[in-house]
Structure formats: C-alpha cells, structure tokens
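Peer 1: Sequence:
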Amino acid sequence: MNWQQYLDYTHEILSEEKPQPPYDNPDYHHYTKMNDARMRRWVKTNPVTEETKAVLLQIQKPQQWIVITEPWCGDAAHIVPIIYLMSVQNNNITLQIQLRDSNSEIEQYLTGGTKSIPKLIVRDEKGKDLFSWGPRPREGQELYLSLRARKADFEETKVAIQNYYNNDKSLSTQKEIIALLKEQLA
Numbered sequence: 018m019n020w021q022q023y024l025d026y027t028h029e030i031l032s033e034e035k036p037q038p039p040y041d042n043p044d045y046h047h048y049t050k051m052n053d054a055r056m057r058r059w060v061k062t063n064p065v066t067e068e069t070k071a072v073l074l075q076i077q078k079p080q081q082w083i084v085i086t087e088p089w090c091g092d093a094a095h096i097v098p099i100i101y102l103m104s105v106q107n108n109n110i111t112l113q114i115q116l117r118d119s120n121s122e123i124e125q126y127l128t129g130g131t132k133s134i135p136k137l138i139v140r141d142e143k144g145k146d147l148f149s150w151g152p153r154p155r156e157g158q159e160l161y162l163s164l165r166a167r168k169a170d171f172e173e174t175k176v177a178i179q180n181y182y183n184n185d186k187s188l189s190t191q192k193e194i195i196a197l198l199k200e201q202l203a
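So for the sequence shown, this note's numbering puts the first residue at 18; every next one is plus one.
Keep in mind the hints are simulated off the structure, nothing from the lab.
List time: in silico BS3-like cross-link candidates among lysine-lysine, alpha-carbon distance up to 27 Å: (1) K199 x K186; (2) K175 x K192; (3) K143 x K132; (4) K199 x K70; (5) K61 x K186; (6) K70 x K186; (7) K143 x K70; (8) K199 x K143; (9) K70 x K192; (10) K50 x K175; (11) K143 x K192; (12) K143 x K78; (13) K70 x K145; (14) K186 x K132; (15) K192 x K145; (16) K145 x K78; (17) K168 x K132; (18) K175 x K61; (19) K61 x K50; (20) K50 x K132; (21) K199 x K78; (22) K175 x K186; (23) K145 x K132; (24) K35 x K50; (25) K145 x K199.
Listed next, with one range per pair, are the computed distances between beta-carbon atoms: (26) E124 x T62: 33 to 41 Å; (27) T111 x A196: 17 to 25 Å; (28) G129 x Q77: 33 to 41 Å; (29) A196 x N109: 16 to 24 Å; (30) Q201 x P43: 42 to 50 Å; (31) A203 x P43: 44 to 52 Å.
Quick reminder that beta carbons are idealized off the backbone N, C-alpha and C, glycines included.
Throw the hints in and build the complete structure from the sequences for me.
Peer 2: Encoded structure:
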C-alpha cells in the first residue's frame, strides 16, 4: 500500500464499530488513535532538513523504499511519516508500506531475532537490497535496550521513548538513513 492507503487503513480501523484483532483491545485502539494524531503532526510540520533534501536529490536511479509497520506501533508514528516525507523529495523513490502481520517480508529483516518495526528496506531498480534500517535510530534503540535491561515498566518505557522522539525532532532518523544513502551514492 502507499502512504495514503496506509492513512486510510488507519482511519478505517479507528472508525470501525467492532474493530478486528488486535484493535478490539482498547489499548491497541488507543495507541492507534494517538499514532494517527502523531503522524498527522509530523506531516504538518515537515521537519525534513535541507541537508536531507540535498542528499535525496542526488538519487539518479529508481529506488523502492519498503516500510514494514503496523498502525498500533508507537515508534512507527514517529518514523514512517518522516520516511514518507523523505520519499516525496525525489521522483526516483517509490514508497511501499507493508503491514507486518499481513504477509510482509519481516522474516527476512529480523532485529535481534524479533519482528521489530518499523523496518525500512531500500532496493535498487532491479530489486536488490541496498540496505535496511530500523526499528528506531541508534540513540533511541540504546535508550530502549537500557530501559528493558533494568526492567522498566511499559508506562515508563513508553514515556521515555516518546520524549526521545519529541526532543530529537526526527533528526537522528534522517541522519542515519541519509548516511546509508550516501554510502550507496559514493
């Protein structure tokens, strides 16, 4: 699905009278509602930097960017809109979104043996993987792993990660993806 179809899918979940699993769980439904608002905020503020735009404009051959995600995923609310905003900077980039739990390619892109999302896979025009990235920027991942190591509860972890994304303003996501793209452009 493309970005608009992903947004439509998210809105469809939120408008269903009797949502399908896992959205029938009030927590998942709430996460999805919060994530929808966060995604809209990111798109409205469009924080893509000039440096990021300049690198993206150097892409001369078609690339397919595949994002594996789910609407309930808190990290995805902060990352998928940024990837979308980056992708529209260059007509050589086609963005496809796959739902992790619906026949996605996630099994080929595990993180530490888990189906962590969101996951970005960038392919060339022949379908060859150039790189994969995710589920979150290095600093955010280190924060998450440190919270997990000290057995922080879900609420503390959720707040800490949310604060990380708000303070970072998507800069780490952009910098890491751009660094990987620069390697391919060299």
